[in-house]
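If you read the protein sequences in the order shown, they are chains G and W. Going by the numbering used here, the first residue of the first sequence is number 1, and it counts up by one from there. Going by the numbering used here, the first residue of the second sequence is number 1, and it counts up by one from there.
It is worth saying that the hints were derived from the structure and are not from the lab. Treat the hints with care, since some could be wrong.
Here are some of the chain W residues that sit facing chain G, going by a computed Cβ distance under 10 Å [what the hints assert, rightly or not]: (1) Phe45; (2) Ile52; (3) Thr53; (4) Gly54; (5) Ser71; (6) Tyr73; (7) Thr92; (8) Glu230; (9) Pro373; (10) Ala546; (11) His547; (12) Tyr551.
Yeah, the Cβ is synthetic: ideal placement off N, Cα and C, and Gly gets one too.
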Amino acid sequence: MTNESDHNSKDEQPDRRQFIKGASCVIGAVIGSVPMVAGVRVSLSPLVDKEAAESGAMLRLGDLGDLETGVPMKFAIVADKSDKWTRYKDVPVGAVYLVKQKEDAKEPVVAFNTVCPHLGCFVDYRKEETDFFCPCHDSNFALDGKLKNGVSPRGMDTLEVELRNTTEVWVKFQRFKANSKDKIAIS
Amino acid sequence: MQRLKQLYDWLDNRTGIKEHLREVLFETVPGGSRWRYVWGSTLTFTLMIQFITGIFLWMGYSASGQTSWESVYYIQEHMTGGHFLRGLHHWTAQVMTVLLVLHLMQVVIDGAYKAPREINFWFGIILLQLVLALSLTGYLLPWDQKGYWATKVATDIMGSTPIIGETMKQLVLGGADYGHHTLTRFFALHAGILPLSVIGLTVGHIYLFRRHGLTPKKPIKKADEYFWPEQVLKDAVACLAVLVTILVLHFAFNGAHLDAPADPSSAYPARPDWYFLFLFQFLKYFPGHWEVLGAVVLPGLAMTLVFLMPIIGKSERGHRFNVGLLFGILAFAGILTFVAVNADRNNPTYIASKEQAAREAAIVKELAENGIPPEGALALLQGPKLFAQHCASCHTYGGENGLGNSVEKPSAPDLKGFASREHLTELLHPERFESAKFFGNTAHAQKSKMHDFLNDEFDGINDDKDLRADMDLLIKAISAEAKLASQSKLDLEDREAIQKGRELFDEIGCIDCHALGGWNADDYSAPDLTGYGSRNWMLGIVNDPAHERFYGKKNDRMPAFGKDEKLTRRQMERLVDWLRGE
Ligand code: FES
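So that you can see chain G by itself, here it is in the shape it has in the complex (with noise of 0.2 Å):
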């Protein structure tokens, strides 16, 4: 069987032939990489392009009237949305729950965004067990939103809530990084 050495033993220009391998190695690694780092390139977009990140604005969503005190109501975000290059005007985006509170309270509602600080998935309001209860793993809340057992990181993240008019509740939607201990706006 013959091997390499045996190939270069006849040549006569050692230097020349090293060169003319070195050099098809390098245009063959220059040529082949063009599309090749073009291509990764455009991969890398949801990196490189960030997307104007809608800001919160607040959104009205219903009347205080509307709202039975220690009851949590669901209410649909329904608002713009741009994704990638389609707007859409007037589309859910979300949902909050909105827990009217006693008299006396500071804060006369209180709103949650609907989505599990755990792993993202859709919280949901027992109304016999009158807790929230993510059917995801299991993760359990009192209906102020606190942890009532330890699957979650923190406890559902409420929304800023704003009485306008005496009786219109507006709230500023936001999501919040998932699986974290803190709650970071990441919207």
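Fit chain W with the ligand to the given chain G structure using the hints.
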């Protein structure tokens, strides 16, 4: 280095890679390396570029009637490196077509198709057709005007094939008409079936090539050499030259072209890509039911002859016939291409519609900057198109008809930036008010109350700072009524000035004719300025300008588009949204 060698040994131990590499690299090249043997390698190289760039484009492409153009636009204009990636893919496809012809020429001239290499030749011819099919399918995917119309012609030709035509066309289109499934099918062909077939056949092609060895160019003058490294270097340099050509083309033409989105309602001169132009031109000589002859029969015959080359070429005379045939076909195609290009170049209608298409492409891309509605980018063009069709016989938009053409003798105000501060600053200037750009050619110019009012109250505004300040407040107040998205920040910041402007509106007597909040028919004789320029207000005036709330009896020639059912509600909305820059 030692480590690397260890790793190599380890790998070899388990895969036998050394042996394979040796086989690949130490193939004998009879008569030594030559430049004329590089074409196969350059083709393999371009194929590789297409696979790589294609897969990455795939990550951003979305095949459907409302997202194809949009996603390609997004790749091209909004993703870092997207413009280059698409340019690379596009121009490599063009260069590949040329390389295919060169490779075929070299094979035929050198007689490399002769026994025992017939099957390999046939593989090559099928590969050629597959690559052309890739070009054809890829041309449609951006779903822009040129791809849409060219493909429409191509598939209609297919549909006119006797007996099986209509069935085949429906299968290709995924239905009776062009739509979502046309795109999904073309995409499956372009990114799935065809590339897989190409890979399979290329492997077979190269395997057979290796089995039979290279066909040396006679007479052999030099000693035999191994493939590695002399021929490899030549191949590498040739590939580099190909890549440089592609890059030069990309930069010279500023990447790949993207026309306006496919629009079945607009005139567009359909042309296939340049390498199919000769077929397109050829067809013109076969009118009526002779078309089948030009579209299917004769090209099919030529292809059959090419296919039979290995058999025809058994004798020396046959070989010469083959070479002659190939050059004949190429020369014929070349002449036809030239005729086609030349005809278009001297055709004013063609040039005009091309230019119009380019203007529309530029307009829609500019509008798409602010996001595209879910109905797709075509909806964005509806505003300017409706304007050009229904409004531009009187109004202008920035001096043009909305689609970038000039308007002859405009007789009504320019509507670009309607109700914006800039627009009002000009409109409410005593001298500009009655210029041709605004009310100069209407009944509202001379001798109208508005004319007199502006000239009384704001005479000498150019030199009087106080007058200018007052006008500024008024403009802010009136413009804020429009709630223009582009001005929302300014409106919020200038809340106080707007309030002052409203007070001034009452003080100096605008309110004597115009309402600003709380209009009623009895107290006001001039157009209601409550919500002036807002979506509702604009829809209202387009619907019926002669309504008491607007011009009433003083309406000067403007049609009631909604009331008289000249436009649908949806069309009016598109028009108004576009005018308001939404
Ligand atoms: S996501 Fe809710 S418990 Fe895990």
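Each hint tested on the structure:
no.	hint	result
1	Phe45	holds, 7 Å
2	Ile52	holds, 4 Å
3	Thr53	holds, 5 Å
4	Gly54	holds, 9 Å
5	Ser71	holds, 7 Å
6	Tyr73	holds, 7 Å
7	Thr92	holds, 8 Å
8	Glu230	holds, 6 Å
9	Pro373	holds, 6 Å
10	Ala546	violated, 31 Å
11	His547	violated, 28 Å
12	Tyr551	violated, 31 Å
Checked against the numbered hints above, the structure breaks hints 10, 11 and 12 and satisfies the rest.
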